[in-house]
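Asks: Sequence:
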Amino acid sequence: MLKCQLMRNQVKKRNQVSFTLSTETTEEEETEDDEEKKPKTKTVKETTTEWELLNDMKAVWLRNPKEVTEEEYAKFYHSLAKDFGDDKPMTWSHFSAEGDVEFKALLFVPPKAPHDLYESYYNANKSNLKLYVRRVFISDEFDDLLPKYLSFLMGIVDSDTLPLNVSREMLQQHSSLKTIKKKLIRKALDMIRKLAEEDPDEYSNKEKTDDEKSAMEEKKGQYAKFWNEFGKSVKLGIIEDATNRNRLAKLLRFESSKSDGKLVSLDEYISRMKSGQKDIFYLTGSSKEQLEKSPFLEQLTKKNYEVIYFTDPVDEYLMQYLMDYEDKKFQNVSKEGLKLGKDSKLKDLKESFKELTDWWKKALDTEGIDSVKISNRLHNTPCVVVTSKYGWSSNMEKIMQAQTLSDASKQAYMRGKRVLEINPRHPIIKELRDKVAQDSDVKRGSEADGEAGVPDGADGERVQPAGPQGLCLEHLPVGAEELGPEPRRGRGGGRGGGGARGGREGVSQGGGAGARAVRQGRAV
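Heads up: the sequence shown is residues 9 to 532, going by the numbering used here.
Treat the hints loosely; a few may be bogus.
In the BS3-like style, the derived pairs of lysine-lysine whose C-alpha atoms are separated by at most 25 Å in a straight line are [stated by the list, open to error]: (1) K120 with K233; (2) K228 with K120; (3) K337 with K362; (4) K266 with K96; (5) K83 with K228; (6) K282 with K336; (7) K227 with K240; (8) K156 with K258.
No wet-lab data here; the hints were simulated from the structure.
Using the sequences plus the hints, can you model the full thing?
Replies: See the structure below:
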């Protein structure tokens with residue numbers, strides 16, 4: 009009996025063979041035995057023999073894909089994954105390869121990601137593929153059949169080319185495995201791409217027939233579900249797999265300033281680009297809500313440019329490898345070098361504010377500010393601090409500071425210099441220009457002292473601005489606190505204006521309103 013149970017366990021593990029396996033079982037049944045000429049009956053035990061089929065699942069991958077039904081694929085997946093729930097796999101790919109290396113394969117995308125998919129990502133072997141050689145099970149621990157970013161796929165690979173009479177260690181070094189791996193990756197990415205193409209939320213179905221539209225409706229939202237479960241794996245693939253980087257980039261999805269909460273692709277973004285736009289604009293941060301309030305978007309939004317929102321920490325690493333797409337460069341709008349077309353007034357503005365920018369740069373020379381420039385990205389905010397083109401963004405710096413074993417010296421090097429950009433159309437900046445030109449005390453920096461802006465906290469430490477809107481405060485002179493937002497003439501000194509505030513040509517709501525608004529993280 010023990011041997012029979014052991015055989016059952018082995019067959020369940022290696023049951024995908026092309027012939028049936030059965031075991032003889034015996035059972036004792038109680039029956040009533042009627043003796044002749046006696047009214048009473050007695051119960052006796054009889055032994056019956058039956059044959060139990062052990063491998064009820066056939067080798068589906070050996071059959072013609074056209075002959076296998078969806079129910080059979082689903083049943084096979086549940087048997088393979090040892091998952092007997094009702095959820096079907098998202099999609100699958102059943103194919104065979106011929107040539108120097110011949111094999112048959114069946115790949116599945118699970119309906120849900122394992123809870124530990126990204127735990128110890130680079131340490132543990134999490135292969136979910138079973139390797140067969142001529143229908144003989146070899147191993148399910150080969151980590152060379154698929155790269156780690158595709159380790160969530162389940163399936164079977166059956167090769168007639170690989171040798172049987174060698175050890176598993178030698179088999180892992182066989183040259184044919186590289187060819188098998190290359191073809192598996194290509195088929196896996198094609199399978200995911202088709203999942204997106206068959207989703208009506210992803211592509212227009214205007215050219216489809218009514219029957220095709222009806223069939224596609226059943227797959228509505230499938231790719232969004234895939235992205236929510238395995239989107240991080242696609243991003244890791246772009247980082248790790250340079251050969252297939254372009255294929256993987258087509259699978260990327262994200263929200264943007266024009267997506268209305270829906271996921272869009274890079275191809276869809278490019279199709280909506282404005283005439284003359286050369287770069288793909290993006291912004292990184294901790295949440296969509298934070299990014300929507302960012303001052304970096306002011307002019308972009310006003311000029312109707314679309315901006316990609318990246319809110320996953322891995323996105324910062326992703327953009328270090330994804331430099332371009334379809335001949336379009338990526339531009340982080342929080343870094344210097346943002347181009348929004350030619351500004352005919354830029355030269356005159358630089359000349360008009362030259363005295364202010366020179367004074368400000370000198371005043372902030374010890375604060376890590378490399379230069380002070382006229383900004384083309386601001387509309388309502390007086391100024392903003394941007395990172396250098398090749399340094400870390402502020403979001404990346406925050407991510408690195410959160411690392412337990414982060415290197416402070418490396419962070420200081422990668423942080424790079426900051427650039428202070430000023431809004432020449434804002435009344436605060438205009439007033440500062442006039443003060444620098446007229447007030448000799450401000451010129452000498454007696455008010456600024458290189459530490460002006462956000463006042464010190466009660467403990468003597470500098471108060472950090474809350475959110476990107478507060479970045480400009482770090483470098484606003486104290487004199488700017490006497491200035492308000494856009495002047496509204498004809499109202500005298502404004503409500504509660506009085507004193508110095510009331511004498512500023514009708515600045516609305518008093519002179520300190522602008523500074524207070526900025527301190528609260530609002531654009532002024």
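Asks: Decide, hint by hint, whether the structure agrees.
Replies: A quick look at each hint next to the structure:
In summary, the hint linking K120 to K233 is supported, as the alpha carbons are separated by about 9 Å, within the 25 Å threshold. Taken as a hint, the K228 and K120 pair is honoured in the structure, with Cα atoms around 17 Å apart against an allowance of 25 Å. Restraint check for K337 and K362: not satisfied, since their Cα atoms lie roughly 31 Å apart, outside the 25 Å limit. Only pairs whose Cα atoms come within 25 Å are accepted, and K266 paired with K96 is rejected, the gap being roughly 33 Å.
Our distance criterion of 25 Å between C-alpha atoms is met by K83 and K228, whose separation comes to about 23 Å. A threshold of 25 Å between alpha carbons decides the hint, and for K282 with K336 the separation of about 13 Å falls inside it, so the pair holds. A hinted pair counts as satisfied when its Cα atoms are at most 25 Å apart, and K227 with K240 qualifies at roughly 22 Å. Taken as a hint, the K156 and K258 pair is honoured in the structure, with Cα atoms around 19 Å apart against an allowance of 25 Å.
Of the numbered hints given earlier, the model fails hints 3 and 4; all others are met.
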